[in-house]
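*Asks:* Sequence:
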Amino acid sequence: MKQLPADTVRLLSSSQVVTSVVSVVKELMENSLDAGASSVDVKLENFGLDRTEVRDNGCGIKAADAPVMAVRHFTSKISSHEDLECLETYGFRGEALGSICAVAEVTVTTKTEEEDVSTQYTLDSSGGIVSQRPSHLGGASVSSIGLKQHPEHL
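The numbers in UniProt numbering rise by one with no breaks, and the one at position 41 of the sequence shown is 41.
FYI, nobody ran anything at the bench for these hints, they're computed from the structure. The beta carbon of each residue, even a glycine, is placed where N, CA and C say it ideally should be. Certain hints may be false.
To be verified - Label-pair restraints from in silico Cβ distances: (1) 46 with 116: 33 to 39 Å; (2) 88 with 46: 32 to 38 Å; (3) 62 with 39: 18 to 24 Å.
As the list claims (entries may be wrong) - Using 30 Å as the maximum straight-line C-alpha spacing, the simulated BS3-like pairs for lysine-lysine come out as follows: (4) 26 with 62; (5) 26 with 2; (6) 62 with 43.
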């Protein structure tokens, strides 16, 4: 017996959350609703295989939370298993964005009410920030590109 490489483990774990383009859209829409969005816009290119984008007018992600926003098992929803008894959100496991990062190129553009300008983050396959730059968008937008590179998830 031998231990699987970390990138293989990440991909296998992601297949439990990201099973199709529909599941990507579902997870991102639930994130939008959990962020208090009253408007959610979904754009698909080539049925979501080339690009999937979900944009909302939710509260955005605080700059302090950005470094871990897509790292698996980091969440703002719960801090212990006792919190599950009074959970009022769709998401709570901290797996959605991290799982999408494992199977696609992901950018997150976000701005909170307190911030003057939004920031676009490009994420790696582990959910870490590769680059960031100012952007003109408000609210939040998550784009995934290249799902068709992983046909086992469609």
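*Asks:* Confirm or reject each hint.
*Replies:* Structure-based check of each hint:
The hinted range of 33 to 39 Å is satisfied by residue 46 and residue 116, whose Cβ atoms lie roughly 35 Å apart. Here the CB-CB span from residue 88 to residue 46 is close to 36 Å, well matched to the stated 32 to 38 Å. Our hint of 18 to 24 Å for residue 62 and residue 39 holds, since their Cβ atoms are close to 21 Å apart. A C-alpha spacing of about 22 Å is found between residue 26 and residue 62, which places the hinted pair at or below 30 Å, so the restraint holds.
With a C-alpha separation of about 35 Å, the suggested pair residue 26 and residue 2 falls outside the 30 Å cut-off, and the hint is violated. Proposed proximity of residue 62 and residue 43 is supported: the alpha carbons are some 24 Å apart, at most 30 Å.
Violated hint for the displayed structure: number 5, the only one.
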